[in-house]
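Student: Could you put together the complete structure from these sequences and hints?
So the sequence lines, in the order shown, correspond to chains A and S. Each residue of the first sequence is one higher than the one before, counting from -18 in my numbering. Each residue of the second sequence is one higher than the one before, counting from 5 in my numbering.
The set of hints was computed from the structure by calculation and includes no laboratory data. Note that the structure is a prediction, hence the values are computed from the model and not measured. Treat the hints with care, as some may be off.
[Claimed, not checked] Label pairs and their in silico Cβ distance ranges:
| hint | chain 1 | residue 1 | chain 2 | residue 2 | range |
| --- | --- | --- | --- | --- | --- |
| 1 | S | M255 | A | D222 | 32 to 38 Å |
| 2 | A | N79 | S | R166 | 40 to 46 Å |
| 3 | A | N49 | S | T269 | 30 to 36 Å |
| 4 | S | E153 | A | S221 | 24 to 30 Å |
| 5 | S | A251 | A | D219 | 27 to 33 Å |
The C-beta atom is built at its ideal place from N, Cα and C for all residues, glycine as well.
Each chain is listed here by its residues.
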Amino acid sequence: MLNSSAALFRRISVSWLMAPKFKPRRLPPAADPALPLQRSTKLARTMSTHSSIKDAFSTYADYLNALNEKRERVVKASRDVTMNSKKVIFQVHRISKNNREEVLEKADKDLAAVRDLHIFRLVKELQGTDFWKLRRAYSPGVQEYVEAATFFKFCQTGNLLNLDEINASLLPLSDPSLEPLQINLLDYLLGLADLTGELMRLAIGRISDGEVEFAERICRFVRDIYRELTLVVPLMDDSSDMETKMVTMLQSVVKIENACFSVRVRGSEYIPLLGTGDPSSFLLGVSEVEL
Amino acid sequence: MKAAFRNAYCFTLSRYSINPNPTILHLVPAISTFPSLPSSVFKNPPFRSPVTATLCSTSMASGDSDAPQTSPSLEKQFEKFRVQLEDSGSLRERIRAVVLEIESATRLMQASLLLVHQSKPIPEVLEKAKTQINVLKDLFNKLAEVVRECPGQYYRYHGDWRTETQMVVSLLAFMHWLETGTLLMHTEAEEKLGLNDSDFGLDVEDYLVGSICFMSNEMPRYVVNQVTAGDYDCPRKVLKFLTDLHAAFRMLNLRNDFLRKKFDTMKYDLRRVEEVYYDVKIRGLATSGDSVEDQGTQGQP
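Tutor: Structure representation (structure tokens):
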């Protein structure tokens, strides 16, 4: 009795702990019709394919390791892109009519640095199908970059930086042997949605500084973007993210409109800085007055 | 709305022009022709580019006809986007249609495979299930054709067929095991479905999840029903297979994602099968060569 339990225990532990060895077994009672007849050969086949399972799985392990490591590198690069793009945005926010040139010059340099140092790292990793496969890993970074670049362009020229333009600026990053990193439509639109939030902050800030005209330009621009986006957003893949951004965007538009409205309606209470160089100001040419 | 805004703006301009300061009066025309003045006149002109000038002039000119204030390049770009997104949307709909068909073929396959629990002879069960494999092969081909229209975007739409593919792989793996007792390999699975890696392949993670989800989860149930039906050797085979599978999966470094969750469920299946094996063994029902025991100490059923 003890012997058989010990044997039983041994057998169980053998099967659990090690690769089971092939043990010849008696055929089961003939009454069972469900079993195929070639069981012994089946067992032999199991033996020989056992090592091939191990081999196959070691290739799968290599594949998964490589994929996860690449994903990590992409996420890290994306975080750096995000952080540095945010710095560009803060830099552009410091703009006022007095320091426009210097602010924009520095922002341009910083934006170029983001491209050359961080987006450059993404180019190598996102070759081939990885571009779509790892999208979740790099999308936030790319959106932030789009936000920064379009924000900068607007303050520089008053226009929207097109997707084609932004992609053209990324072409020099990769050498001809690599596929260039081209921002896709979805990330561009998501970045654009965030842009309107920054523009709203800029508009309110400019109004406080007296640059009402600039704020009104921002207002028109943001309105146009919102209008164009309403047509396009419902068609996007997984549009739910974008739909929430649209709600926020409308709030931004309304905030800017209300601020411009307050300035107009209370125009008599509101005194723009005298001696302003702002060409749209009716006080252009009036001599400087110390406040 | 824009016309009203423009009028309000002009009104405000004119309001200021009533102010007796003579400089303001003659500045009003200067402002409305702002875009044409050379930039050197102004200290810090905000905008310089000619395209912007159009933008400004259309928005600042007073009493104009309702010219569209959106710059044409903006509209053009978004029109292009709209067309692109409509195309991808319709592609996605076509993909979904094929995936629905895949799903229904899979359900048929699953329904016939579930007959193994009722001790139907395996070859018969497999026969029925196998008819669906060709259907699936055609459907996956159709899917590949649709996706081929936008090369490189396999992973853009991958989520639309991911779960269905995992289920298909799982059923195929189970069938393969019933037939041969071995694990269906990734390359073999690809072959069965007529997929090839370069064009439209079977994603490795889908294959791995598929090898577990249905097949592994069915094992405990299968083993229990087989023993009930009298096949006392089944637990040993299943235990060996599942142990090997579990050991193989342990070689992988997994993140905390869906695959990891599925892998974690495998150990419960393994444990269940071990319990059944133990039950059978301890009662001497298995053909292990030991004498039949009839102890008073019965294990838990």
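Student: None of the hints should be skipped; say for each whether it holds.
Tutor: Results for each hint:
no.: 1; hint: S:M255 to A:D222: 32 to 38 Å; verdict: 37 Å, holds
no.: 2; hint: A:N79 to S:R166: 40 to 46 Å; verdict: 55 Å, violated
no.: 3; hint: A:N49 to S:T269: 30 to 36 Å; verdict: 21 Å, violated
no.: 4; hint: S:E153 to A:S221: 24 to 30 Å; verdict: 26 Å, holds
no.: 5; hint: S:A251 to A:D219: 27 to 33 Å; verdict: 38 Å, violated
In terms of the numbered hints stated before, the structure departs from hints 2, 3, 5, listed from lowest to highest.
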